[in-house]
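Enquirer: Take the sequence shown: its letter number 23 is residue 23 in my numbering, and every next letter is one higher.
Derived by calculation from the structure, the hints in this document are not laboratory data. You may find that some hints are simply not true.
[Stated by the list, open to error] Derived CB-CB ranges, DEER-like:
no., residue 1, residue 2, range
1, Ala40, Leu77, 53 to 61 Å
2, Ser41, Gln16, 33 to 41 Å
3, Thr57, Gln88, 29 to 37 Å
4, Phe5, Ala42, 25 to 33 Å
Positions of the beta carbon are idealized from the N, C-alpha and C atoms, including for glycine.
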Amino acid sequence: MTTSFQLAEETVQKAQQASEALANIKSSVSQIAEVNIQIASASEEQSLVAEEINSNTVTIKDLSDQIAQRTDHTSELIEQQNALGKQQSKAMNQFIV
């Protein structure tokens with residue numbers, strides 16, 4: 001009888017330990033779930049930032065292309081001004097006595 005009682009007590013203790021272990025597991029799973037939510041949120045934020053960086057990079061490239069075109073146009077205008085200056089200088093030299 002004593003042995004049965006001892007076995008019953010051991011079983012109750014082990015059941016309590018198992019219950020505590022399950023409670024700890026449940027708590028750990030909840031913490032993991034919370035961390036996963038935080039990771040998902042951070043990943044979404046990073047994705048949005050990456051998209052914004054990409055958009056800004058495209059804008060910078062477009063603006064750089066425009067600047068290059070305008071620089072080329074300015075160079076052409078300078079060459080035209082130089083040519084006109086030379087023509088004007090030749091014309092002026094014709095009137096010098």
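Enquirer: All the hints need checking, so say for each whether the structure fits it.
Expert: Tested hints:
Taken as a hint, the range 53 to 61 Å holds for the pair Ala40 and Leu77, whose Cβ atoms sit roughly 55 Å apart. Judged by the Cβ atoms, the range 33 to 41 Å given for Ser41 and Gln16 holds: they are separated by roughly 38 Å. Between Thr57 and Gln88 the CB atoms are about 46 Å apart, so this pair departs from the stated range of 29 to 37 Å. Remark: the range hint 25 to 33 Å for Phe5 to Ala42 is contradicted by a beta-carbon distance near 55 Å.
Violated hints, in rising order: 3 and 4; the structure is consistent with all others.
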